[in-house]
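Generate coordinates for the entire structure from the input sequences, incorporating the hints supplied.
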Amino acid sequence: GAGVSQSPRYKVAKRGQDVALRCDPISGHVSLFWYQQALGQGPEFLTYFQNEAQLDKSGLPSDRFFAERPEGSVSTLKIQRTQKEDSAVYLCASSFQQSTDTQYFGPGTRLTVL
Amino acid sequence: DQQVKQNSPSLSVQEGRISILNCDYTNSMFDYFLWYKKYPAEGPTFLISISSIKDKNEDGRFTVFLNKSAKHLSLHIVPSQPGDSAVYFCAAISNFGNEKLTFGTGTRLTIIP
Chain G
1 GAGVSQSPRY KVAKRGQDVA LRCDPISGHV SLFWYQQALG QGPEFLTYFQ NEAQLDKSGL
61 PSDRFFAERP EGSVSTLKIQ RTQKEDSAVY LCASSFQQST DTQYFGPGTR LTVL
Chain B
1 DQQVKQNSPS LSVQEGRISI LNCDYTNSMF DYFLWYKKYP AEGPTFLISI SSIKDKNEDG
61 RFTVFLNKSA KHLSLHIVPS QPGDSAVYFC AAISNFGNEK LTFGTGTRLT IIP
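As they're listed, the protein sequences go chains G and B. Position 63 (the first sequence) corresponds to 63 in this note's numbering; numbering is contiguous. Position 109 (the second sequence) corresponds to 109 in this note's numbering; numbering is contiguous.
None of these hints come from the bench; they were simulated from the model. Keep in mind the model is a prediction, meaning the values are calculated, not measured. Think of the CB as a built atom: it goes at the ideal place given N, C-alpha and C, for glycine as much as any other residue. Worth double-checking, as some hints may not be accurate.
Here are the simulated lysine to any residue pairs, SDA-like style, with alpha carbons at most 20 Å apart [said to hold, decoys possible]:
hint, chain 1, residue 1, chain 2, residue 2
1, G, 57, G, 40
2, B, 68, G, 100
3, G, 11, G, 85
4, G, 11, B, 102
5, G, 14, G, 101
6, G, 57, B, 102
7, B, 54, G, 102
8, B, 56, B, 32
9, B, 5, B, 63
10, B, 37, G, 44
11, B, 56, G, 72
12, B, 37, B, 47
13, G, 84, G, 30
14, G, 78, G, 68
15, B, 54, G, 100
16, B, 37, G, 107
17, B, 5, G, 39
18, B, 5, G, 59
19, B, 68, B, 95
20, B, 37, G, 41
21, B, 5, G, 40
22, B, 37, G, 101
23, B, 37, G, 100
24, G, 57, B, 95
Part of the chain B face toward chain G, derived, beta carbon under 7 Å [claimed, not checked]:
hint, residue
25, 32
26, 40
27, 42
28, 43
29, 46
30, 89
31, 100
32, 103
33, 104
34, 105
35, 106
So, in structure tokens, the structure goes:
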């Protein structure tokens, strides 16, 4: 019974580089969420998938951020032309189905943009 | 605009005593509330939740109280144990919010042995 896994755990990028962050949700979980957590803050919603459908991307801060979940399981969050303000921990969470089902979080990817 | 607020960034409590963590919210559309616990270098872990139709939910040493009229909830931990030392996040779900969690900024709880 593996939990949510994320890779890489740590990523250092030079400003302007593209990065791709991976999330493996719990098997069978329909819903998948991405959150961004800046230092000293709570996680903030980025985007939400139900199976392969991206139902809400209202939290993505700019068009440099793009997320996909093509087969309804693994998801990738891509950030193009990274900026210093993108430095944060990116958390992925999955839940079984219903709106009040518990969201299980992965350990996060800490992105540092130099 | 911070819709979920945790006004105490940190709290220290003696082992065995009660820890009380507070949370306020502004969005009246929130109808489900959760507490998550986070250790360093790990993702948040679900602790306990409460629906807006209730005013109390208890699970072992953890009790969450909801006061809808005051838009306030609190988490009580009794008795507090050293393993409870962590950052605690209050979170809320809106009935129109597509299941996304809105988090507070967290309270760092330190249990003093």
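Hint by hint, here is what the structure shows:
| no. | hint | in the structure |
| --- | --- | --- |
| 1 | G:57 / G:40 | violated (24 Å) |
| 2 | B:68 / G:100 | holds (18 Å) |
| 3 | G:11 / G:85 | holds (14 Å) |
| 4 | G:11 / B:102 | violated (26 Å) |
| 5 | G:14 / G:101 | violated (38 Å) |
| 6 | G:57 / B:102 | holds (14 Å) |
| 7 | B:54 / G:102 | holds (18 Å) |
| 8 | B:56 / B:32 | holds (12 Å) |
| 9 | B:5 / B:63 | holds (19 Å) |
| 10 | B:37 / G:44 | holds (16 Å) |
| 11 | B:56 / G:72 | violated (36 Å) |
| 12 | B:37 / B:47 | holds (6 Å) |
| 13 | G:84 / G:30 | violated (33 Å) |
| 14 | G:78 / G:68 | holds (8 Å) |
| 15 | B:54 / G:100 | holds (15 Å) |
| 16 | B:37 / G:107 | holds (13 Å) |
| 17 | B:5 / G:39 | holds (16 Å) |
| 18 | B:5 / G:59 | holds (19 Å) |
| 19 | B:68 / B:95 | holds (15 Å) |
| 20 | B:37 / G:41 | holds (14 Å) |
| 21 | B:5 / G:40 | holds (13 Å) |
| 22 | B:37 / G:101 | holds (17 Å) |
| 23 | B:37 / G:100 | holds (18 Å) |
| 24 | G:57 / B:95 | holds (17 Å) |
| 25 | 32 | holds (5 Å) |
| 26 | 40 | violated (11 Å) |
| 27 | 42 | holds (5 Å) |
| 28 | 43 | holds (3 Å) |
| 29 | 46 | holds (5 Å) |
| 30 | 89 | holds (5 Å) |
| 31 | 100 | holds (4 Å) |
| 32 | 103 | holds (3 Å) |
| 33 | 104 | holds (5 Å) |
| 34 | 105 | holds (5 Å) |
| 35 | 106 | holds (5 Å) |
Violated hints, listed in ascending order, are 1, 4, 5, 11, 13, 26; each of the other numbered hints is respected by the structure.
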